[in-house]
Amino acid sequence: MTAAVAGLVPFDDAVARYEPVLGLETHVELGTTTKMFCGCPTRFGLPPNSAVCPVCLGLPGSLPVANRAAIEYTIRIGLALNCSIASWCRFARKNYFYPDIPKNFQISQYDEPLCTNGWIDVTVEGETFRVGIERVHLEEDTGKSLHVGGATGRIHGADYSLVDYNRAGIPLVEVVTKPVPGTGALAPVVARAYVTELRDLLRSLQVSDVRMEEGSLRCDVNTSLAPRGAEWGTRTETKNVNSLRSVERAVRFEVERQAAVLDAGRRVVQETRHFHEDSGATTSGRSKEEAQDYRYFPEPDLVPIAPPREWVEEIRASLPELPAARRQRLQSDWNLTDLDMTALANAGAIDLVAATVAAGASPADARKWWLGELARRANESGKDLTALLITPAQVARVSALVATGTLNDKLARQVIDAVLAGEGDPDTVVEARGLAVVSDDTALLEAVDAAIAANPDVAAKIRAGKTAAVGALVGQVMKATKGQADAKRVSELILGRLS
Amino acid sequence: MSITRDEVAHLARLSRMALTDAELDHFAGQLDQIIAAVARVQEVAAEGIPPMTHAVPVVNIFREDVEDPCLTPEQALAGAPAAEQGRFRVPRILAED
Amino acid sequence: MAAARPTQLTHMSAAQIAAAVAAGEVSAVEVTQAHLDRIAAVDPDVHAFLHVAGLGALAAADDVDRRRAAGEPLGLLAGVPLALKDVMTTADMPTTCGSKILEDWRPPYDATVTRRLRDAGVIILGKTNMDEFAMGSSTENSAYGPSRNPWNLSLIPGGSSGGSSAAVAAYEAPLAIGTDTGGSIRQPAAVCGLVGMKPTYGGSSRYGLVAFASSLDTPGPLARTVLDAALLHEAISGHDPRDSTSIDAPVPPVVAAARQADVAGLRVGVVTEFSGGGSQPGVQARFTEAVELLESLGAKVFEVSCPHFTYALPVYYLISPSECSSNLARFDGMRYGLRVGDDETRSADEVMSLTRAQGFGPEVKRRIMLGTYALSSGYYDAYYGKAQQVRTLISRDFDAAFEQVDVLVSPTTPTTAFPIGERADDPMAMYLADLYTIPSDLAGNAAISVPCGLAPEDGLPVGLQIMAPALADDRTYRVAAAVEAAFEQRWDGPLLRHATGLRAADEGAGRTPGRGSR
Numbered sequence: 002m003t004a005a006v007a008g009l010v011p012f013d014d015a016v017a018r019y020e021p022v023l024g025l026e027t028h029v030e031l032g033t034t035t036k037m038f039c040g041c042p043t044r045f046g047l048p049p050n051s052a053v054c055p056v057c058l059g060l061p062g063s064l065p066v067a068n069r070a071a072i073e074y075t076i077r078i079g080l081a082l083n084c085s086i087a088s089w090c091r092f093a094r095k096n097y098f099y100p101d102i103p104k105n106f107q108i109s110q111y112d113e114p115l116c117t118n119g120w121i122d123v124t125v126e127g128e129t130f131r132v133g134i135e136r137v138h139l140e141e142d143t144g145k146s147l148h149v150g151g152a153t154g155r156i157h158g159a160d161y162s163l164v165d166y167n168r169a170g171i172p173l174v175e176v177v178t179k180p181v182p183g184t185g186a187l188a189p190v191v192a193r194a195y196v197t198e199l200r201d202l203l204r205s206l207q208v209s210d211v212r213m214e215e216g217s218l219r220c221d222v223n224t225s226l227a228p229r230g231a232e233w234g235t236r237t238e239t240k241n242v243n244s245l246r247s248v249e250r251a252v253r254f255e256v257e258r259q260a261a262v263l264d265a266g267r268r269v270v271q272e273t274r275h276f277h278e279d280s281g282a283t284t285s286g287r288s289k290e291e292a293q294d295y296r297y298f299p300e301p302d303l304v305p306i307a308p309p310r311e312w313v314e315e316i317r318a319s320l321p322e323l324p325a326a327r328r329q330r331l332q333s334d335w336n337l338t339d340l341d342m343t344a345l346a347n348a349g350a351i352d353l354v355a356a357t358v359a360a361g362a363s364p365a366d367a368r369k370w371w372l373g374e375l376a377r378r379a380n381e382s383g384k385d386l387t388a389l390l391i392t393p394a395q396v397a398r399v400s401a402l403v404a405t406g407t408l409n410d411k412l413a414r415q416v417i418d419a420v421l422a423g424e425g426d427p428d429t430v431v432e433a434r435g436l437a438v439v440s441d442d443t444a445l446l447e448a449v450d451a452a453i454a455a456n457p458d459v460a461a462k463i464r465a466g467k468t469a470a471v472g473a474l475v476g477q478v479m480k481a482t483k484g485q486a487d488a489k490r491v492s493e494l495i496l497g498r499l500s
Numbered sequence: 006m007s008i009t010r011d012e013v014a015h016l017a018r019l020s021r022m023a024l025t026d027a028e029l030d031h032f033a034g035q036l037d038q039i040i041a042a043v044a045r046v047q048e049v050a051a052e053g054i055p056p057m058t059h060a061v062p063v064v065n066i067f068r069e070d071v072e073d074p075c076l077t078p079e080q081a082l083a084g085a086p087a088a089e090q091g092r093f094r095v096p097r098i099l100a101e102d
Numbered sequence: 221m222a223a224a225r226p227t228q229l230t231h232m233s234a235a236q237i238a239a240a241v242a243a244g245e246v247s248a249v250e251v252t253q254a255h256l257d258r259i260a261a262v263d264p265d266v267h268a269f270l271h272v273a274g275l276g277a278l279a280a281a282d283d284v285d286r287r288r289a290a291g292e293p294l295g296l297l298a299g300v301p302l303a304l305k306d307v308m309t310t311a312d313m314p315t316t317c318g319s320k321i322l323e324d325w326r327p328p329y330d331a332t333v334t335r336r337l338r339d340a341g342v343i344i345l346g347k348t349n350m351d352e353f354a355m356g357s358s359t360e361n362s363a364y365g366p367s368r369n370p371w372n373l374s375l376i377p378g379g380s381s382g383g384s385s386a387a388v389a390a391y392e393a394p395l396a397i398g399t400d401t402g403g404s405i406r407q408p409a410a411v412c413g414l415v416g417m418k419p420t421y422g423g424s425s426r427y428g429l430v431a432f433a434s435s436l437d438t439p440g441p442l443a444r445t446v447l448d449a450a451l452l453h454e455a456i457s458g459h460d461p462r463d464s465t466s467i468d469a470p471v472p473p474v475v476a477a478a479r480q481a482d483v484a485g486l487r488v489g490v491v492t493e494f495s496g497g498g499s500q501p502g503v504q505a506r507f508t509e510a511v512e513l514l515e516s517l518g519a520k521v522f523e524v525s526c527p528h529f530t531y532a533l534p535v536y537y538l539i540s541p542s543e544c545s546s547n548l549a550r551f552d553g554m555r556y557g558l559r560v561g562d563d564e565t566r567s568a569d570e571v572m573s574l575t576r577a578q579g580f581g582p583e584v585k586r587r588i589m590l591g592t593y594a595l596s597s598g599y600y601d602a603y604y605g606k607a608q609q610v611r612t613l614i615s616r617d618f619d620a621a622f623e624q625v626d627v628l629v630s631p632t633t634p635t636t637a638f639p640i641g642e643r644a645d646d647p648m649a650m651y652l653a654d655l656y657t658i659p660s661d662l663a664g665n666a667a668i669s670v671p672c673g674l675a676p677e678d679g680l681p682v683g684l685q686i687m688a689p690a691l692a693d694d695r696t697y698r699v700a701a702a703v704e705a706a707f708e709q710r711w712d713g714p715l716l717r718h719a720t721g722l723r724a725a726d727e728g729a730g731r732t733p734g735r736g737s738r
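Residue numbers (my numbering), protein chains in the order written: chain R, 2 to 500; chain F, 6 to 102; chain B, 221 to 738.
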């Protein structure tokens with residue numbers, strides 16, 4: 002790992018003087034049952050080289066045949082991104098030598114992509130950016146190499162490599178944005194939000210399990226910088242961006258780094274850079290100026306794709322409600338402001354709230370629990386909300402118990418803690434721990450009288466008219482009843498006794 | 006001259022063939038001749054003529070998303086010059102990025 | 221019509237062998253053994269075969285005999301031996317493509333054509349020699365040494381399917397499979413006095429055919445008679461879902477057409493551009509006679525100009541190297557085949573480069589570099605892109621011609637068989653051998669070569685090429701069969717009887733190669 006480039010300009014300073022322009026290329030592994038050009042399975046985690054055949058191994062004499070489902074999924078993605086679907090297009094060979102591509106060419110698409118010219122809206126801090134989609138095309142994935150002998154398991158310093166072709170030939174969709182200017186200081190978060198939005202869109206279309214950690218969603222980020230008002234600068238491409246957080250960090254780092262280069266009066270080199278998770282830095286890789294000539298030509302072993310318009314319309318009609326539309330609908334149903342909705346989105350809580358509402362809670366209650374107590378618990382344990390051991394149905398039940406007065410807020414929190422600790426569902430916990438609110442006045446009056454007797458001076462104040470002092474006595478009663486009392490009722494009873 | 010010896014050397018590198026100097030000398034002359042000959046296609050006026058696709062033009066040849074039997078790993082690795090841990094062993098790959 | 225059946229099994233046609241086996245007059249094992257004996261006797265001189273599958277062939281023959289005895293239904297060619305060009309994958313035999321880079325490579329799968337042959341009960345005797353990766357017109361580009369023309373062992377048997385043509389002409393097999401990309405079935409057939417057919421592109425599956433030029437490669441039959449070629453054509457043809465470019469339509473009725481053998485009223489077009497002074501005088505003379513013969517049989521002959529045919533050679537030598545430069549990239553020593561220079565310090569790139577430098581012969585290297593050039597950014601439009609456009613124009617020339625005539629004819633190749641070594645390091649001279657055959661590869665239509673006599677100056681065979689529209693393969697067989705029947709009457713038997721190259725072996729006088737009249 003080489004040291005970072007000479008100096009970085011602090012981000013706020015950098016964006017005060019320079020304008021960033023973004024571009025993102027995202028690769029999505031489709032969740033089809035079989036590979037793009039052969040019938041080998043696409044399941045993750047199979048023993049090495051056990052899901053291969055002459056076609057995906059590129060053995061002499063083998064020929065590709067296109068997977069109809071992969072074409073359909075790609076059209077689905079294109080339509081969801083508001084693209085035009087080509088009426089006629091071809092696959093092309095992208096020629097380069099590398100041990101993980103068995104034919105030393107990749108079947109991809111070049112100047113005739115299946116989908117073009119779409120867009121997707123990304124909202125960040127109340128501002129909406131329309132990210133243009135240049136193209137969506139289909140290609141085959143490569144095999145995977147293990148690099149042996151080097152210190153870090155990476156290519157640098159390795160003695161040799163071991164290649165597994167199970168992944169070779171899995172259908173890959175590439176989504177390329179148009180350049181995205183005008184994000185200013187929000188560039189890093191816009192980039193992240195775009196990838197998040199795209200991921201959620203793909204998930205709703207059920208075309209991929211889009212797990213960045215498993216590699217079914219991969220991102221390359223392009224960043225360029227130019228002085229305010231000037232023409233766009235030279236862009237760099239950053240690879241190895243393996244999480245949403247890395248997307249944001251990579252853009253941020255590039256902005257800071259390129260600002261320093263420009264400040265020093267030097268040129269930004271057009272190149273491919275590598276992002277490092279640990280340091281958040283990017284380092285120089287292959288220079289894009291000696292850009293590889295892939296010698297693209299139309300794939301002669303495949304015939305053109307000409308999706309009939311009826312088929313495209315069928316696919317369009319079968320698109321599910323897309324995340325943006327769903328969010329708008331829920332926001333309206335739940336009567337929330339944009340800010341409130343954004344908070345929910347940022348916390349990853351929309352689906353959870355929706356499910357909780359579906360299970361009977363009010364939207365307000367559902368939000369309160371997920372964004373309040375549960376978010377706090379999730380943060381404490383470093384988990385995602387979805388990883389908490391409580392279901393929306395259970396949250397709804399707790400909410401219902403509070404609404405009927407069986408629990409108060411404090412007790413409800415105890416119940417939730419208990420559910421999270423694995424003690425069972427809410428009703429079981431309430432029963433087992435005897436946490437129900439005491440609603441029997443007689444029992445309460447005992448505690449009330451005891452508190453009054455123990456605090457004669459406070460009681461005197463209240464008799465004298467200083468009703469505000471009732472709080473202290475309420476506290477005593479709550480303590481005595483282990484919180485299992487309705488504070489308001491207790492207050493009423495005390496005042497009743499002392500009037 | 007249609008192509009120089011240096012250009013031929015470049016083509017050899019691009020196509021991963023470690024040609025000897027003698028081969029480069031020999032091929033440069035021959036390729037020069039051949040390229041001059043094939044360049045004749047440029048004489049033909051072909052404005053707006055579409056490139057040839059297939060003799061019997063068809064579109065939309067697909068297969069269904071259904072599994073087919075695979076090779077066993079032993080079959081896949083049978084011809085491998087070197088194999089280890091069920092994988093193809095290849096010499097060290099120079100860093101790409 | 222049918223000649224008296226030869227006494228020697230190896231001189232019988234495929235049709236005759238099939239009938240005899242089906243009738244129980246001779247066993248498939250006997251037939252196979254006779255051909256294996258013949259191979260042992262003459263192949264040291266002819267060198268048609270790279271691999272002879274002795275035991276495998278006898279086992280397959282035995283299986284045919286067993287099934288026939290059990291009354292099971294068998295294919296039309298059951299028990300007939302065949303020589304398979306070593307470009308087709310076979311799971312039980314090596315597949316070298318005539319290259320060192322695949323020496324001893326055993327594929328884990330059969331080509332579709334291989335599978336169909338086996339399913340038909342055809343006995344695959346072995347794999348035949350070829351120009352390396354199908355690039356060449358003489359088999360001199362084979363890494364394993366050239367094959368020799370049975371007419372005269374110092375001459376080329378044609379290429380790239382030279383081993384297949386030599387095997388059939390030497391009576392080592394009645395049938396052979398070749399592949400035609402620029403003429404590689406028809407040209408060897410012509411120079412060896414055989415019938416060789418290039419079906420419509422896509423007529424039979426390329427799955428398992430190691431690719432040279434994907435948009436041109438076409439498997440097809442070589443045989444000593446038109447009927448035999450038709451029978452083999454039918455056996456291997458038909459749609460294959462594993463090949464996206466294979467034709468999804470019934471196989472044209474080629475066998476029926478071969479039996480029809482009638483050209484009365486047929487309109488025959490002589491390609492102007494190919495009947496000028498471009499051919500050897502004896503070739504031109506025999507061609508002219510063949511055209512006159514067709515007229516005498518009732519055909520109407522016209523002159524047809526196909527102006528873009530003169531660009532066919534440069535178009536072919538841009539498109540085929542481009543596709544092959546990509547198709548052959550996979551041969552890098554990483555997954556199978558030869559690996560050179562892996563001393564555990566060199567990089568993958570270095571090992572790939574050493575492997576390919578050592579594993580490929582000069583013609584392959586030339587074409588890879590030519591193709592890399594033609595596809596390079598900055599050159600694509602002027603070379604590959606332009607060539608594909610001119611290819612469309614050539615195809616349109618055919619379309620226009622077939623509005624006027626039913627078939628087009630030309631000599632198959634400008635000269636008769638030339639001496640081994642004469643053009644070996646002169647690529648441009650070598651390329652000229654395909655001058656007349658290339659247009660049909662570019663347009664993908666059907667084209668057959670049938671013998672039409674011996675050139676007077678050297679006594680070597682001349683081929684007549686008959687071209688028909690795409691999907692009209694049967695039409696070529698109809699005309700070829702008519703020509704064959706008429707000529708054999710004139711010649712009083714098949715042309716091949718005049719082949720003296722193996723006379724010594726034939727007469728059992730040892731292995732001294734005979735000399736033809738050259």
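Don't read these hints as lab results, they were simulated from the structure.
Some hints could be false.
Here are the in silico distance ranges between beta carbons for each label pair [what the hints assert, rightly or not]: (1) F/Gln90 x B/Asp324: 34 to 42 Å; (2) R/Gly216 x B/Asp645: 32 to 40 Å; (3) R/Asp385 x F/Ala83: 51 to 59 Å; (4) R/Gly216 x F/Arg18: 30 to 38 Å; (5) F/Arg18 x R/Gln271: 16 to 24 Å; (6) R/Glu215 x F/Arg18: 32 to 40 Å; (7) B/Glu512 x F/Ala83: 55 to 63 Å; (8) R/Gly8 x B/Asp324: 58 to 66 Å; (9) B/Asp646 x F/Val71: 46 to 54 Å; (10) B/Asp619 x R/Ser85: 55 to 63 Å; (11) B/Pro470 x R/Ser244: 49 to 57 Å; (12) B/Thr530 x R/Glu215: 51 to 59 Å; (13) B/Arg287 x F/Ala41: 53 to 61 Å.
Idealized CB from N, CA, C, for every residue including glycine.
- Task: Just tell me: holds or violated, for the beta carbon distance of R/Gly8 and B/Asp324 against 58 to 66 Å?
- Result: holds (59 Å)
- Message: Does the beta carbon distance between B/Arg287 and F/Ala41 stay inside 53 to 61 Å, or does it fall outside?
- Response: holds (59 Å)
- Item | Verdict for B/Pro470, R/Ser244 (Cβ pair) under range 49 to 57 Å | Once the Cβ atoms are compared, 56 Å apart, the range 49 to 57 Å for R/Ser244 and B/Pro470 holds.
- Task: Evaluate the given range 46 to 54 Å for the C-beta pair formed by B/Asp646 and F/Val71.
- Result: Holds, at about 52 Å.
- CB-CB spacing for F/Ala83 and R/Asp385 relative to the 51 to 59 Å hint: violated (46 Å)
- Please test the hint of 32 to 40 Å on the beta carbon pair from R/Glu215 and F/Arg18. The hint (32 to 40 Å, Cβ to Cβ) holds, given that R/Glu215 and F/Arg18 are roughly 37 Å apart.
- Query: Does the Cβ pair F/Gln90, B/Asp324 satisfy 34 to 42 Å?
  - Reply: violated (25 Å)
- Query: Can the suggested window of 16 to 24 Å be confirmed for the beta-carbon pair F/Arg18 and R/Gln271?
  - Reply: holds (22 Å)
- At the C-beta level, are R/Gly216 and F/Arg18 separated by a distance inside 30 to 38 Å? Check passed, 32 Å falls within 30 to 38 Å.
- Does the Cβ distance between B/Glu512 and F/Ala83 fall inside 55 to 63 Å? With Cβ atoms ~57 Å apart, the hint holds.
- Query: Do the Cβ positions of R/Gly216 and B/Asp645 conform to the proposed distance bound of 32 to 40 Å?
  - Reply: With a Cβ separation near 51 Å, R/Gly216 and B/Asp645 fall outside 32 to 40 Å, so the hint is violated.
- Note whether the CB distance of B/Thr530 and R/Glu215 lies within 51 to 59 Å or breaks it. holds (58 Å)
Consistency with the previously given hints fails for numbers 1, 2, 3, 10, ordered from lowest to highest.
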